Amino acid sequence: MPFAAPLALLGLAFLPLVVAFWMLKLRRTERTVSSTLLWQRFGEDLQANAPWQRLRRSFLLVLQLLLVILLALLAAQPFVERPATLARDLVVVIDASASMAATDVAPSRLDAARELALEALRNLPAGGRVSVVAAGATPRVVANATSDMGRVHAALAGIAATPATADMGEALALASALAARAGDAQVLVATDAAFTPPTDLEVAAPVTVLQVGRERRNQALVAFAVRSAPTAVTRSVFISVANMDLEPTTERVELWGDGRLLEARDLFLDPLSRADVGIDDVPLDVRVLEARLAGDDQLALDDRAWAVVPPDRLLRILLVSEGDPYLEAALSFLPSAELYGVKPADYGVGTKPELFDLVIFDAALPAALPRVPTLAIAPPRTSALGTVTGSLVDPALGRPAPDEPLLRYVDLTTLHVAEATRLSLPDWARTVVPTVAGDPLLYTGARDGVATGVLAFEPRRSDLPLQVAFPILVSNLVGELVGASRAPTTAVAPGSLVSLPIPSGAAGLRVTRPDGTTLDLAPAVTGGATATFASTEQLGIYTVAPLGLADASPTTTAAGSASASPDAVDPSAPVQFAVDLFDVGESTIAPGSAAALERLGSVAAGGGAGGGGDGRPPARDNLWIPLAALALAFIALEAVVFQRDALVRIRRRLGRGLGRRPAAGAPA
Amino acid sequence: MERETTEAGSAAAAARPPGGRPAFLPSDVDPTVFDEDFLRRLERLAVLVKRPVRGGLKGGRRSVRRGQSVEFADYRDYSLGDDLRQLDWNVYARLEKLLVKLFIEEEDLTVTLLVDGSASMAHGSPDKLVFAKRAAAALGYIALAAEDRVVLTSLGGRAARRRAALRGSGRAFRLLADLSAIEPAAGATDLAAACRHALAQVTGRGVIVLVSDLLDPGAERALRDLAGTGADVIVLHVLAPDELNPTLDGDLRLVDAETGATVDVTLDLAARERYTERVEAWQAELGALAAKRRIAYVPLTSDVPLADLVFAELRRRRVVG
Chain D
1 MPFAAPLALL GLAFLPLVVA FWMLKLRRTE RTVSSTLLWQ RFGEDLQANA PWQRLRRSFL
61 LVLQLLLVIL LALLAAQPFV ERPATLARDL VVVIDASASM AATDVAPSRL DAARELALEA
121 LRNLPAGGRV SVVAAGATPR VVANATSDMG RVHAALAGIA ATPATADMGE ALALASALAA
181 RAGDAQVLVA TDAAFTPPTD LEVAAPVTVL QVGRERRNQA LVAFAVRSAP TAVTRSVFIS
241 VANMDLEPTT ERVELWGDGR LLEARDLFLD PLSRADVGID DVPLDVRVLE ARLAGDDQLA
301 LDDRAWAVVP PDRLLRILLV SEGDPYLEAA LSFLPSAELY GVKPADYGVG TKPELFDLVI
361 FDAALPAALP RVPTLAIAPP RTSALGTVTG SLVDPALGRP APDEPLLRYV DLTTLHVAEA
421 TRLSLPDWAR TVVPTVAGDP LLYTGARDGV ATGVLAFEPR RSDLPLQVAF PILVSNLVGE
481 LVGASRAPTT AVAPGSLVSL PIPSGAAGLR VTRPDGTTLD LAPAVTGGAT ATFASTEQLG
541 IYTVAPLGLA DASPTTTAAG SASASPDAVD PSAPVQFAVD LFDVGESTIA PGSAAALERL
601 GSVAAGGGAG GGGDGRPPAR DNLWIPLAAL ALAFIALEAV VFQRDALVRI RRRLGRGLGR
661 RPAAGAPA
Chain V
1 MERETTEAGS AAAAARPPGG RPAFLPSDVD PTVFDEDFLR RLERLAVLVK RPVRGGLKGG
61 RRSVRRGQSV EFADYRDYSL GDDLRQLDWN VYARLEKLLV KLFIEEEDLT VTLLVDGSAS
121 MAHGSPDKLV FAKRAAAALG YIALAAEDRV VLTSLGGRAA RRRAALRGSG RAFRLLADLS
181 AIEPAAGATD LAAACRHALA QVTGRGVIVL VSDLLDPGAE RALRDLAGTG ADVIVLHVLA
241 PDELNPTLDG DLRLVDAETG ATVDVTLDLA ARERYTERVE AWQAELGALA AKRRIAYVPL
301 TSDVPLADLV FAELRRRRVV G
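If you read the sequences in order, they're chains D and V. Position 318 (the first sequence) corresponds to 318 in the numbering used here; numbering is contiguous. Position 57 (the second sequence) corresponds to 57 in the numbering used here; numbering is contiguous.
Treat the hints as calculated values from the structure; they're not laboratory data. None of these values were measured; they are calculated from a predicted model. Treat the hints with care, as some may be off.
Unchecked claim - Quick partial rundown of chain V residues pointing at chain D, CB under 10 Å, derived from the structure:
1) Ala219
2) Leu300
3) Val304
4) Asp308
Stated by the list, open to error - Output of the computed footprint for chain V on chain D, the stretches with three or more beta carbons under 8 Å from beta carbons of chain V:
5) 213-219
6) 636-648
Heads up, the beta-carbon is just placed ideally off N, CA and C, and yes, glycines get one too.
Given the sequences, and given the hints that come with them, work out the whole structure.
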């Protein structure tokens, strides 16, 4: 049996030492007795004067000698060798995507992948190095070319399934780069392969897939939205459920509002199809909605989804204008909006624009722009809103982006603009409506974190007010500008960045994650109006509260304050947003093709994956675990032998107790 | 046998100062040995004798000698010199033969109390020597109350120290004082030699009571010597409870209280159990030897209450009645 540290066998020199200790005359306690006659006459076998007699009789000594031998063997690290089947430099890629949380293999695919990887590492040649890549939404190296198997174990144990799509292409590219550093390298990918393999990638080492997962039984919530009715009296909820299985099934969908069950419906789902549910009349006081799939499928991550009901608050809009009846009419049509007006000449510090949710400057601009969402219509001069380069006469409209949310239900194909201001697009803005020449007629963006929109022409200088599109465009614009000042109202994908506006006067934000942990955010630049939040890897409701405001109330949600009084618009009140999976790809847990992944790898010189060469050192199986277990058993046995008197007493006491019990009930 | 209250009993009935020494006890008597109630109970007992004995004075005991009591024993032919008063004239009238009536002569009984005063007796918990003194005092008191002669002899070293013979219950306090004066001997005691010495001082056949722990290599020899006297021999074998079931544990050097000899032992539960088993076997051997020699062998532990010893244990073994 070879040893990794044979010098440790010198520890066997302690054997004679142990024997010597036992042979040494004991320092005995003297006790005077009436007579030693009884002890001499009847207790010869109790005496232990002769060392060898004592040695012959002592079971403890035998145990101690065995223990010394075991400890010496343990220190010498014995092992057995066998041919290694892995390369010396191994890169282990662990798929940490949401589908790896599936439980078709107990306890989960990720745990099974870890086990497979650890099992495979037993075939690593002696002295082999291991790198570990956690393939999540952002792949990361959690162990880098280490021979310390303890670190590898810890790195593997630290990988958790993220409720997001893994960037497997990036992970394999990272693994390829790691493998390229060594001559004899191999990439092990532990995955369910439930994704489309990257096609334009070649890994600079053989790729071996350790595939986990067997089944595809999963139903998922793939959409969940709440919308206020135009009357703002009721709310409607939209839920979409997908069946990824090849068998039809019936799933119960539950809608919970603020922790109480609002409605439950049974949905019949055809194989590989989805079904939608609409639920109306959600109570007004509900602020956080949760949808649950009550069925028992193999992926729990996509069985719950959350949505935050947009707060019904009375928007206060300040129109700085000489008077535009069309615009005033359109704004007055907005539900839950209160319109205020002021002449441009009267606008000043006393106007307190910070009290409004939106300030619209109609053909006017103040010297200092307010730090609230702003819509400028035909700005008369160059400002932070844009550089005025002239005017446009009867410009022809270009083709806006088809998926432009601001132009939803807005048809501008028949729009004619008599005159518009020519503006150059500032770097913070995106063009919504361009001219054929590319000049922006309408653009929006976040100017220093403040939602801002600019319409280059006055509505009354076009036929827009006469079209149906006008009130819709106004509504969309207001919604975009006002909504942007709050937290995201639609679900956020896990792992994605969220830009959170910081209320005026606040020093930062405190985000409370679904698990209750908090994170304080500060603006990227001093006085900045937004902070970026990236730690959205948990599914659920996130609560954002401003920091440093005297009247901030972190314990009160935005929903609560809004429902208390629509007029009590508190810009410093906490707001909420939801992070949901809503990823059909991750919900499709059917294992994919391992061969397609393995084809990405290069063929080693020795032929075949893992055949890196005959010069590899053999793999080693350490024998310390059974030896350590044996040593522990010996220690326990020694303790038992040493304390056998107490054990005998306990046994007898128990025996007496058991013996008395039936006697107590027996007839006298 | 119910007897009248003796002088000592009357003395014992005297009032005792509350919380103090009993008023009736002389100053040289250990007040912890007896109390008034115990003395009264002792008066109701008497030492049983299995066979007729030989004594010096007329007493209340049947004697092996034919004498002048009223209890007829046998006839024998008249020979010259016989007391003519003993002739049975009625028989002569019927048979014309001269026959002398023999009567059982009543003699007193000598109870010899041999108290082992070796150093080993001073050990154990409770103290074996104290127990031996109290047992001897109890038996001696019973004998005195029965008008028997009591001789107290303490054994120590190789010799026996004989005290003056006592007779009559009025000498009870003297007996107690003699017992109180027994101190453990310094050095080793040869029990067999001391017993031989004591037996040389015994006159006539009677009852010999040996109270000892028998922790001596010559214990069996001593028993044989005692049995050889022809007297009724009672052996109270006293061991302390911790000698029967020792609580010692671990690696010890045991020092003999008499000889100073040492024995190194390593004790655990199993070893202690083996020791106890062998001590019991040793007692059984002594018991067998005693039975063979017609010795009343009573194994005792020093924690037996004296009342239990006298009124239960010794009665059960027909030592007292």
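Tested hints:
{"no.": "1", "hint": "Ala219", "in the structure": "holds (9 Å)"}
{"no.": "2", "hint": "Leu300", "in the structure": "violated (15 Å)"}
{"no.": "3", "hint": "Val304", "in the structure": "violated (17 Å)"}
{"no.": "4", "hint": "Asp308", "in the structure": "violated (23 Å)"}
{"no.": "5", "hint": "213-219", "in the structure": "violated (count 0)"}
{"no.": "6", "hint": "636-648", "in the structure": "holds (count 3)"}
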